[in-house]
Amino acid sequence: MSECGWVTNVYISESKCVPNVETIGKVNPGVEIKIIDNLENSLPPNSIGQICIRGDNVVPGYFGYCGNFVHEHITNDGFFKTGDLAYYDKNEYFYFIDRCKDVINFNSIIVSPVELEKVLLFHESVVNAAVIGVEDEDNGEIPMGFVTIKSGAQVEEQELMDYVNNRVNRIKQMRGGVKIVKALPLTPLGKVKKADIKRMIKNGDWPGNM
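Just so it is clear: in the sequence shown, position 20 is 20 by the UniProt record's numbering, and no numbers are missing.
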């Protein structure tokens, strides 16, 4: 991101390989990273929280802004809040989870839409996928998926739902179902606009009108 640039690196040598291909690496020299909870408390290894960064390559603030706006983005001790969720292991390797605004809060347990989207994309009929959290009276939020499929593909929504549920643990199952749609709203760079999907659902415009 433009506010902080390149902050982690994956080191590979002849004698020591990366322990997990999913890691985003270790902290670069001259950069500090901490994982915090909602109260800005630093978290220990293997605890999921927001990534905060401090260093010479990190912005100290935003020109012309002060007060609450700054506090939303900068901690009291000068760390920049990235808006990303992650954790680090005992060897100080970091692992990205998802954007804070996109994660699903299922019974106070964080569920990553990215993980579920990856499973959907492994299905031979799926072209693109998006998973969001929808409100649920009993569980807070539950995952709901939306996919576009290949032309001529013969697949049912229930089949896609079962495909995911058979490959993830019980907490992450697609309780909101999977909907096949003609198109997903995309940015010019091809990224799914999840905020638009949530707005459409709230207004009753999705997915019937797509």
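You may find that some hints are simply not true.
Pairs of lysine-lysine residues, derived as DSSO-like cross-links and limited to a Cα-Cα distance of at most 27 Å, are as follows [stated by the list, open to error]:
| id | residue 1 | residue 2 |
| --- | --- | --- |
| 1 | Lys-202 | Lys-182 |
| 2 | Lys-193 | Lys-90 |
| 3 | Lys-90 | Lys-191 |
| 4 | Lys-118 | Lys-193 |
| 5 | Lys-26 | Lys-150 |
| 6 | Lys-150 | Lys-90 |
| 7 | Lys-150 | Lys-198 |
| 8 | Lys-150 | Lys-81 |
| 9 | Lys-90 | Lys-194 |
| 10 | Lys-150 | Lys-191 |
| 11 | Lys-179 | Lys-193 |
| 12 | Lys-182 | Lys-150 |
| 13 | Lys-182 | Lys-118 |
| 14 | Lys-179 | Lys-81 |
| 15 | Lys-118 | Lys-101 |
| 16 | Lys-90 | Lys-179 |
| 17 | Lys-26 | Lys-81 |
| 18 | Lys-194 | Lys-81 |
| 19 | Lys-191 | Lys-202 |
| 20 | Lys-182 | Lys-194 |
| 21 | Lys-191 | Lys-179 |
| 22 | Lys-193 | Lys-101 |
| 23 | Lys-81 | Lys-182 |
| 24 | Lys-150 | Lys-179 |
| 25 | Lys-101 | Lys-198 |
| 26 | Lys-81 | Lys-198 |
| 27 | Lys-34 | Lys-101 |
| 28 | Lys-193 | Lys-182 |
| 29 | Lys-101 | Lys-179 |
| 30 | Lys-193 | Lys-150 |
| 31 | Lys-34 | Lys-150 |
| 32 | Lys-179 | Lys-194 |
| 33 | Lys-81 | Lys-101 |
| 34 | Lys-179 | Lys-198 |
| 35 | Lys-90 | Lys-198 |
| 36 | Lys-191 | Lys-101 |
| 37 | Lys-202 | Lys-179 |
Ranges between beta-carbon positions, derived for each pair [as the list claims (entries may be wrong)]:
| id | residue 1 | residue 2 | range |
| --- | --- | --- | --- |
| 38 | Ser-151 | Asn-107 | 32 to 40 Å |
| 39 | Asp-77 | Gln-158 | 44 to 52 Å |
| 40 | Lys-101 | Leu-121 | 34 to 42 Å |
These are computed hints drawn from the structure, not numbers from a lab. For each residue, glycine too, the CB sits at the ideal point set by N, CA and C.
Now the hints, each set against the structure:
no., hint, in the structure
1, Lys-202 x Lys-182, "19 Å, holds"
2, Lys-193 x Lys-90, "35 Å, violated"
3, Lys-90 x Lys-191, "33 Å, violated"
4, Lys-118 x Lys-193, "17 Å, holds"
5, Lys-26 x Lys-150, "39 Å, violated"
6, Lys-150 x Lys-90, "42 Å, violated"
7, Lys-150 x Lys-198, "24 Å, holds"
8, Lys-150 x Lys-81, "39 Å, violated"
9, Lys-90 x Lys-194, "33 Å, violated"
10, Lys-150 x Lys-191, "18 Å, holds"
11, Lys-179 x Lys-193, "16 Å, holds"
12, Lys-182 x Lys-150, "10 Å, holds"
13, Lys-182 x Lys-118, "19 Å, holds"
14, Lys-179 x Lys-81, "34 Å, violated"
15, Lys-118 x Lys-101, "18 Å, holds"
16, Lys-90 x Lys-179, "39 Å, violated"
17, Lys-26 x Lys-81, "18 Å, holds"
18, Lys-194 x Lys-81, "21 Å, holds"
19, Lys-191 x Lys-202, "21 Å, holds"
20, Lys-182 x Lys-194, "16 Å, holds"
21, Lys-191 x Lys-179, "18 Å, holds"
22, Lys-193 x Lys-101, "12 Å, holds"
23, Lys-81 x Lys-182, "36 Å, violated"
24, Lys-150 x Lys-179, "14 Å, holds"
25, Lys-101 x Lys-198, "12 Å, holds"
26, Lys-81 x Lys-198, "24 Å, holds"
27, Lys-34 x Lys-101, "19 Å, holds"
28, Lys-193 x Lys-182, "15 Å, holds"
29, Lys-101 x Lys-179, "22 Å, holds"
30, Lys-193 x Lys-150, "20 Å, holds"
31, Lys-34 x Lys-150, "42 Å, violated"
32, Lys-179 x Lys-194, "14 Å, holds"
33, Lys-81 x Lys-101, "13 Å, holds"
34, Lys-179 x Lys-198, "14 Å, holds"
35, Lys-90 x Lys-198, "37 Å, violated"
36, Lys-191 x Lys-101, "15 Å, holds"
37, Lys-202 x Lys-179, "16 Å, holds"
38, Ser-151 x Asn-107: 32 to 40 Å, "39 Å, holds"
39, Asp-77 x Gln-158: 44 to 52 Å, "50 Å, holds"
40, Lys-101 x Leu-121: 34 to 42 Å, "21 Å, violated"
Hint compliance for this structure: hints 2, 3, 5, 6, 8, 9, 14, 16, 23, 31, 35, 40 are not met, and every other hint is.
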